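Start from the sequences and build out the full structure, keeping to the hints where you can.
Every letter in the sequence shown is one number past the one before it in the working numbering, and letter 4, counting from 1, is 27.
Hints are computed from structural coordinates only; laboratory data are not their basis. Small disclaimer: the values here were computed from a predicted structure and weren't measured. From the three backbone atoms N, C-alpha and C, an ideal C-beta is built for every residue, glycine too. All the pointers check out, no bait thrown in.
Quick list of in silico lysine-lysine cross-link-like pairs, BS3-like style, CA-CA up to 25 Å:
1. Lys-44 x Lys-186
2. Lys-50 x Lys-186
3. Lys-46 x Lys-186
4. Lys-46 x Lys-193
5. Lys-193 x Lys-44
Label-pair distances were calculated between CB atoms; the ranges are:
6. Asp-89 x Val-31: 50 to 56 Å
7. Pro-48 x Phe-72: 36 to 42 Å
8. Ile-206 x Ile-113: 27 to 33 Å
9. Leu-65 x Leu-126: 17 to 23 Å
10. Lys-46 x Ile-139: 36 to 42 Å
11. Gln-130 x Trp-91: 24 to 30 Å
12. Leu-75 x Leu-51: 38 to 44 Å
13. Gly-180 x Val-209: 34 to 40 Å
14. Gly-87 x Ala-67: 27 to 33 Å
15. Asp-89 x Ile-140: 21 to 27 Å
16. Gln-169 x Ile-128: 43 to 49 Å
17. Val-31 x Asn-80: 48 to 54 Å
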Amino acid sequence: IWFESTRVEIPLAYRGYRGFKGKYPMKLLYVSNIPVILVNALYANVLFFGQLFAGPNSALRGQGYDFWINLVGVFDPQEGVGGATGTQLIPTGGLIYLLTPPLGIDQVIDNPFRAIIYLLIFIFLCIMLGRVWVEVSGLAPRDIAQQIIDSQMQVPGFRSSSKIIERILKRYIPTLIILNGIIIAVLSFTADTLRALTSGTGLLIAIGIIHNYAETISKELAASQYPGMRGMLGLD
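Structure representation (structure tokens):
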């Protein structure tokens with residue numbers, strides 16, 4: 024919650040009314056937990072196709088390709104993993120094994136190399152997918168700059184130009200994306216390692232939903248007092 028609440032604020036002035044000033048807040052977790060969700064969706068697909076390709080029942084096994092198949096992944100059928108019923112294929116080796124989080128401190132101690140590699144890959148993917156999400160979801164500097172201009176706001180001391188505001192935003196947004204990726208990856212990894220009541224991703228999603236509801240209520244209250252800010256707050 025502290026990470027969700029920490030933010031950088033850019034001062035703004037309203038062009039329509041002299042003396043009216045505001046701030047544009049940019050959260051430390053600029054893209055929230057979206058990168059973790061995307062990375063886990065990617066991992067789920069890799070795990071699914073890995074089980075088809077390298078599972079114990081794969082049609083490719085016994086055809087002279089076992090070395091390459093084992094390099095992709097080695098799976099061990101196990102019963103009742105994580106409280107689930109039935110048999111599950113759990114990766115125990117290969118590249119896919121490096122994409123599964125260590126569930127418990129004991130696994131980190133037993134294989135610290137795997138834990139470090141997993142965390143580094145996880146952080147890298149969170150940062151890269153965070154950048155992609157910013158570009159496609161209207162959170163890029165040029166999009167935010169245009170929203171500020173459309174809301175009749177400007178940065179005090181600068182001309183009212185989307186290019187100038189975009190240049191100012193570029194000082195912050197790329198750094199926030201990197202910090203966002205590192206923080207949520209480490210938080211998710213820590214929750215998985217400490218065996219939280221749910222997965223690290225599930226915990227981040229739950230906290231994010233609660234915080235977003237509170238943030239939406241705050242935006243509605245602000246917009247009710249200053250209707251001209253509805254566009255900048257993303258409520259139109």
